[in-house]
Amino acid sequence: MRNKKVFLLMGLLLVALAATAVFVIRYQKRVHQPEVIEPEVFEKLKVDPDLIIGLWHSGSMYYRYNADGTGLTWDAAEDIKEEEASHFTWTVDKTLFTHLHKMEISDAIIPKQYHITKLTLQTLAYEDEFGVTAVFEKVE
Numbered sequence: 001m002r003n004k005k006v007f008l009l010m011g012l013l014l015v016a017l018a019a020t021a022v023f024v025i026r027y028q029k030r031v032h033q034p035e036v037i038e039p040e041v042f043e044k045l046k047v048d049p050d051l052i053i054g055l056w057h058s059g060s061m062y063y064r065y066n067a068d069g070t071g072l073t074w075d076a077a078e079d080i081k082e083e084e085a086s087h088f089t090w091t092v093d094k095t096l097f098t099h100l101h102k103m104e105i106s107d108a109i110i111p112k113q114y115h116i117t118k119l120t121l122q123t124l125a126y127e128d129e130f131g132v133t134a135v136f137e138k139v140e
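Its first residue numbered 1, the sequence shown is counted upward by one per residue in this note's numbering.
Hints may be right or wrong, so weigh each one.
Here are the simulated DSS-like cross-link-like pairs (lysine-lysine), alpha carbons at most 25 Å apart as the crow flies [said to hold, decoys possible]:
#, residue 1, residue 2
1, K46, K118
2, K102, K112
3, K81, K112
4, K118, K138
5, K118, K94
6, K46, K138
7, K102, K138
8, K46, K81
9, K138, K94
Hints in this document: simulated from the structure, not taken from any laboratory.
Everything numeric in this text was worked out from a predicted model, so none of it was measured.
Can you make the complete structure from the sequences, with help from the hints?
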């Protein structure tokens, strides 16, 4: 009789341990929070401006970035050719991508700033302050 009580007690103990293990595993999954990436991490990111140099397009929009920091932009859908393109200058500081567009009529400078989100040999993606994303493919 005593052996039965010992076996029963050991069985109950094993069931309790198994239930506790299952509870702990499930509880840990529920309370696990994804890693929070601090903004300072993004400030350390840098892009290679040399990868930007060349001709890029997204749909009918074309951008040519020259090594001297100048550039051209045109919209082929509006029957504008590269020879008739608008001129701008550009700079990159870490991931901050700045275009300074010069207006033809008034000589006013219109700044546009973007944050580069992806830059490879074939893809350039950036977003503006409103969260609008543009993705370009390299032509040459």
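Hints versus structure:
no.: 1; hint: K46 x K118; in the structure: holds (11 Å)
no.: 2; hint: K102 x K112; in the structure: holds (11 Å)
no.: 3; hint: K81 x K112; in the structure: holds (22 Å)
no.: 4; hint: K118 x K138; in the structure: holds (13 Å)
no.: 5; hint: K118 x K94; in the structure: holds (12 Å)
no.: 6; hint: K46 x K138; in the structure: holds (20 Å)
no.: 7; hint: K102 x K138; in the structure: holds (24 Å)
no.: 8; hint: K46 x K81; in the structure: violated (33 Å)
no.: 9; hint: K138 x K94; in the structure: holds (21 Å)
Hint 8 from the list above is the single one not met by this structure.
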